[in-house]
Structures are given as C-alpha cells and as structure tokens.
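> Using the sequences provided together with the hints, build the complete structure.
Which chain is which? The protein sequence lines are A and H, in order.
Each residue of the first sequence is one higher than the last, beginning at 1 in this note's numbering.
Each residue of the second sequence is one higher than the last, beginning at 170 in this note's numbering.
Keep in mind the hints are simulated off the structure, nothing from the lab.
Heads up, a few of these hints could be off.
[Unchecked claim] Non-contacting residues of chain A with respect to chain H, defined by C-beta distances greater than 12 angstroms in every case (computed):
| # | residue |
| --- | --- |
| 1 | Arg8 |
| 2 | Ala18 |
| 3 | Val19 |
| 4 | Val24 |
| 5 | Gly25 |
| 6 | Glu48 |
| 7 | Lys86 |
| 8 | Leu87 |
| 9 | Arg99 |
| 10 | Ala163 |
[Unchecked claim] These stretches of chain A come out as covered by chain H in the derived footprint (C-beta under 8 angstroms, 3 or more residues):
| # | region |
| --- | --- |
| 11 | 53 to 59 |
| 12 | 63 to 72 |
Idealized CB from N, CA, C, for every residue including glycine.
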Amino acid sequence: MSEKKTNRRDFLFTATYAVGAVGVGATIWPMIDQMNPDASVKALASTEVDVSSVNPGKTITVLWRGKPVFIRRRTQDEIAEARAVKLEDLKHPEKDEDRAANPEWLVMLGVCTHLGCVPLDQKGEYNGWFCPCHGSHYDISGRIRKGPAPTNMEIPKYEFVNANTIKIG
Amino acid sequence: MSDHEYTPKSKFGKWFNDRLPLLTLANHLTDYPTPKNLNYWWTFGGILTFCLITQIVTGLVLAMHYIAHADMAFDSVEHIMRDVNYGWLIRYIHANGASMFFLAVYIHIFRSLFYGSYKAPREIIWIIGIIIYLLMMAAAFLGYVLPWGQMSFWGATVITNLFSAIPLVGEGIVTWLWGGYSVDNPTLTRFFTLHYLIPFLILGLVVLHIWALHVPGNNNPVGIDIKKPSKDTVPFHPYIVIKDGFALLMFMIVFAFFVFYTPNILGHADNYIEANPLVTPAHIVPEWYLLPFYAILRSVPDKLLGVVAMLSAILILAALPWLDTSKIRSAVFRPLYRQFYWILVADVLILGYVGAMPAEGLYLLVARVATAYYFLHFLVILPVLGWKEKTLPIPLSITEPILGGSPNLATAKNKESLNK
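Shown next as structure tokens:
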C-alpha cells in the first residue's frame, strides 16, 4: 500500500521537476540567444568589390562583416610557387587549385587562424603572410607553414559577378 | 563568533541590536583577536579593499561621461581627458588603480605562498581568493577594451579568440561572445555591462573571503595555531587598524606617484590610436599583470594546448592546499621550501619578462623552460617536499621564542617532553 503511494508521489515529483526544467530552460534561452548576431548584423552579409585597378603582385584589403578580406592578384611566378608545394609539407593540406579557382586571384579572410590578428603582406619565411602577434607564417596560397596557427587562412564564399567585380558572401 | 556575549550600552542600541545585530557585528570586527606578530606583508588585505573601493567609485564617475558605442567610445574617453572637470585625474586613478590593484594582489598571494596561509583550515578562504583573482583579470581585460583604441580592439580580438580553441563549439562561442562576425559595437556594449557588473561580484566575494577568514582567524608569520584571545593576540582595533592605515598611506604614495608623475608608463601608446579592424599593431602585449600567463600561452606551439596550459597555470593555484603536502605552514621553518619559493618568484618574474618580448629565439626557449618549471613546482616539487623535507622545530606559541631566548632548540625539547 505504502509502495503504491510512494510511486505516485515520485511520479508527481519527476513530472514537476521536468516541467520546471523546461520552463527554466525556455526562460534562460532568450537571455543567451540575445547575444548572438542580430538581424542588422546578419543583413550586412555580402560586399561587392571592384578589382579592375589591382595590378599583378598587389593585394587590396576590403572589409567584409567587420573582418579584412585580402584580394591578391598573383603573378605567374607566385602561382607556380603555390602549385608546386607538396601536400605532405603542409600542416593543413589543401591544394592551391581548391583555394584559388581562378589562379590569378586569391580571395581569403585576412584573419590569422591562431587568435585573429591581421597578418602582414609579403612577409615571413614563405613569401606570403606573417602574423606579428604570435609568429605564424603563411605561404602565397595563405596556407599555414610555420607557427601556432592550426589551419590555413579561410576562403570565404565569393564569386565573380563580371571580369572586374568580386562579390564576397 | 565572539567568545563573550555583547550587549549594547544604550537602550535604543539594545532594542535595535535585538532586531538586527549590526552592533554585534561591529563589536566582533573591532575586538577581533589578531596575532600580535603580523608583519607588514599582512597589511595588503586592507590595501586591496581600498583598491576595490577606489575602482568602484572612480568607475561610477567615469560611467557618467563614457559612451559605450564603437563610433563614440574613443572620443568620449578623450572628452573625459580634456573637457570633463578633473576627468583626467579620475581616469588616471582608474587606469593606474587597476595596476595598483594587481600589484597589491600579487604581494597578497605571494605572502600566502610564503607563510602557507592556504593550508587547512583556510582552504576556502584561499579558493574564494583565487575566484576573486580570476574575476579581477576578467574585469581588467573588459575595462581595457572600453577606450576602443588599437590595443583595446586587438586585445579583445586575441582574448576572445582563445575560446575558438575549444573543439567543435569554439567558433560558435566566439560569434556568440562578439554578437557578430568580428569584435564590433555589440561586443563593446556587452563588455561595458560586464565590466560594470564584475566589481560588485568581487565585493560580494570579498565579504565571503573575510567571513571565512574570521572563522579560524588570521594565519601569522610563525604559522602555528594560536589560542584566541590570548597573550598571543591583540584586538583588531586599534592595533591592526593603525598598522594597516600606515601601510595604506605608504601604498598611496606609490599610487600617487604613478597617477601624477608617470600616468601612462604602464599603458601602451598604441591605445591612443582609435581601433582599426584592418591593421593589427606590430607588437601586441597585454598589460603587465597578465604577462606571465601570456608567456605560458605563447610557449606552447599548439593552439588548444597553449590555451589549456594558460588556464591550468591559474587554476592549479586552487588545488594548492592539497598539492602542498607539508604540515608546517610557514616557510620560516621549511629551509628547502624557502629556497624553492624564491625560485618560483624568480620564475614568475622571468615569465613576465619574456611575455613582453617577441616570441622567438632565446626568449621562446626561456619561456618554455620557465613554463615547465612553473608546473614542476606545483605538481612535483611541492608534493614531494612535503614528506622529504626536514623542517625546523616550530615554537609552541608566538610569545614563547621571544621570552625563551633561543627559539628552536628549547621549544623543540619542550614539545617533545610535552608529547611524552
């Protein structure tokens, strides 16, 4: 008899805790989610850039979503250098062909994958970029070669709207 | 907690105290029995309370003039410096006050390390202290972001990116912290809110810290348990109040020197350049008080492990009461520990120095050796020392060695005969 009563009470307790937990969770979630990117931030998702004035061997930096994007018009030598690298030598193996579909143009986030500093152009031991904060060296394809950064610099989603205009995002 | 029952003298006092025993608390605080041999290293608790109140008061005033917006923050700080009446003074006190706060807290922590104040029965005091220290670092970092200069912006970028080292959810957490895809206005406004909140959390924890202290009472330079109240104690007021007050005055001279004569020496010139998301300053370093941990972060070549090492270096302190296996508290009676203590002090100073230097060549090598030694001290040397070290005999009371001439031999014999 007492067993039956206990079971009923256990059920009520469990049900109360469960409903309570859902209620607390549903109340806390808006407080947490309000910190995620808001609608106005998300609305700035794409940028169009005119690259007609960029000469070979030069890099321009544009701002996309508050972050710098490097657009480099590479010389034939640089393309050859980037494509000659063996995948075994890379910490984060990626072919240059996959990073720059149009080999003349390298479009990538100018953000070091270590802790987010902006690497410097044409510096470092691999003829590419060098991050002054903690000493990461990137090659001419933006791939990490030496230093604490774990991965290659990121390639954003982009497309050529026409021969002179790149749309990032 | 007082050993005697306290009764207010006046009738109103008694009526009030029966309903809210504030007068009993005040009486406890004034009569609180304190070891009579406390030296000046024990005055930093009071100095730290002063630092906290200074930061809260100057911070409240600055918040009346500061504007937490990415487009206006930098200008509003310059407005405080140039236009607001005494704004320069208040801001310099607040900015240098952070450094003074850390200076005092490091002395306070290393005093605990020397005299074994973290050992039983004071573990909870110690752990609350470590939490306060962590919150201080958070508050200092958040506050440094608010002027929205180059160091603010890139410091915020680097520190928030530490979370991206977490596998799987790291990137999501960083975006959530930023409220966008980079450090920007949403980041600034929430940092301001949190910077405002944390000092009050610290204040609450300080109350707990002192409450927990008043249960066993103060440790002392001899590190022995004493009877309270007894010949070994003096009442907090006026003895400790006067001593703390004098030490505080000396401390304020140092504080005032920085504020009035060299207010920017502890800062970075780059922070007088407005934040620019396209250009990272050539040499990013945190404020001096975070440099040892920064050196540990950079000495590990792997991103995740570097972050883990840096956090462990701080959190390992919380486990100290159990890592130090010696029953003797004070380093005065631990000849070997005393030497390792000073090696640790040197090690932390070296880490601080290499943390300010570029992470390459000899600096990197030194940073790696010093990082390894830091962990070696806590994880190997301290536990082993506890049962290998031959400690000196401790006196029976604070008064005894003074009255009994030669402290060590005589007291040791006394103790042995008492044990028999």
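> Which earlier hints turn out false for this structure, listed by number in ascending order?
As far as the earlier hints go, only 11 is violated by this structure.
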